[in-house]
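S.K.: Please build the complete structure, drawing on both the sequences and the hints.
Counting from 19, one number per residue, gives the positions in the sequence shown under this note's numbering.
One should not assume that every hint holds.
Said to hold, decoys possible - The calculated lysine-lysine pairs, modelled on DSSO-like cross-linking and capped at a C-alpha distance of 27 Å, are:
id	residue 1	residue 2
1	21	77
2	132	83
3	77	132
4	75	21
5	75	126
6	21	84
7	84	132
8	126	83
9	85	21
10	77	126
Said to hold, decoys possible - Pairwise CB distance ranges, derived in the manner of DEER restraints:
id	residue 1	residue 2	range
11	95	19	41 to 49 Å
12	85	122	17 to 25 Å
13	68	34	24 to 32 Å
14	21	87	16 to 24 Å
15	34	82	33 to 41 Å
16	68	26	37 to 45 Å
17	84	26	29 to 37 Å
18	150	19	48 to 56 Å
If you are wondering where the hints come from, they were derived from the structure by calculation, not from laboratory data.
Just so it is clear, CB atoms sit at the ideal spot from N, CA and C, and this is done for glycine as well.
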Amino acid sequence: MIKQSVMLTLIVVTLLANVILGFELYTAIHNGNTMASPSIAHVKNQNSSQLYHFSFKEKLHIHVKKKGEYVIGIRPNSSVFNEVYVIIYFNNGNTISLSLNQTQAIVKLHGEEKLTIFLTGLSYQNISSAEMALNLVGFYYTPLNDGETD
19 MIKQSVMLTL IVVTLLANVI LGFELYTAIH NGNTMASPSI AHVKNQNSSQ LYHFSFKEKL
79 HIHVKKKGEY VIGIRPNSSV FNEVYVIIYF NNGNTISLSL NQTQAIVKLH GEEKLTIFLT
139 GLSYQNISSA EMALNLVGFY YTPLNDGETD
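M.R.: Spelled out as structure tokens, the structure:
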């Protein structure tokens with residue numbers, strides 16, 4: 019009976035998390051006009067420092083010399099970001115979600131990859147462009163190992 023309760027709780031939590039992330043992704047994709055510029059209407063005071071809401075969409079082409087497993091990640095500066103969420107969408111349909119708590123993921127890359135990156139969160143400074151946000155979150159990709167994999 020306890021196993022069933024735990025399983026049911028995990029299923030409910032997973033479904034709730036998927037609904038929330040799905041809504042975030044849907045609003046990021048279908049809200050094209052607000053993605054082009056930061057929304058600074060959502061300024062909050064927290065410990066006398068202003069927080070600026072930002073939300074951007076950036077298309078990026080990356081080229082890797084060897085196909086194989088790569089670490090894709092972010093190195094966000096905690097003095098810049100209060101919250102940051104990065105969703106990376108690959109043309110093959112795969113998606114990676116990164117945040118302050120989950121800063122890297124392992125993926126297989128094959129030559130040239132076209133990525134759509136959604137960045138959203140709260141920062142202690144006004145971030146005015148997607149390129150600036152991408153630089154500040156410290157986006158990177160590096161080979162997991164030197165060998166080629168299938």
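S.K.: For every hint, state whether the structure bears it out.
M.R.: We went through each hint and held it up to the structure:
1. 21 to 77: 44 Å, violated
2. 132 to 83: 15 Å, holds
3. 77 to 132: This hinted pair holds, its Cα atoms lying about 7 Å apart.
4. 75 to 21: 42 Å, violated
5. 75 to 126: OK: residue 75 and residue 126 at ~23 Å, within 27 Å.
6. 21 to 84: This hinted pair is violated, its Cα atoms lying about 45 Å apart.
7. 84 to 132: It holds: about 16 Å lies between the C-alpha atoms, which stays within 27 Å.
8. 126 to 83: 13 Å, holds
9. 85 to 21: Not OK: residue 85 and residue 21 at ~42 Å, beyond 27 Å, violated.
10. 77 to 126: 19 Å, holds
11. 95 to 19: 41 to 49 Å: Given a distance of about 48 Å, which is inside 41 to 49 Å, the answer is holds.
12. 85 to 122: 17 to 25 Å: Holds - the Cβ-Cβ distance for residue 85 and residue 122, about 19 Å, lies within 17 to 25 Å.
13. 68 to 34: 24 to 32 Å: 31 Å, holds
14. 21 to 87: 16 to 24 Å: 34 Å, violated
15. 34 to 82: 33 to 41 Å: 36 Å, holds
16. 68 to 26: 37 to 45 Å: Holds - the Cβ-Cβ distance for residue 68 and residue 26, about 42 Å, lies within 37 to 45 Å.
17. 84 to 26: 29 to 37 Å: 45 Å, violated
18. 150 to 19: 48 to 56 Å: Holds: the Cβ-Cβ distance is about 53 Å, inside 48 to 56 Å.
Consistency note: the structure conflicts with the earlier hints numbered 1, 4, 6, 9, 14, 17.
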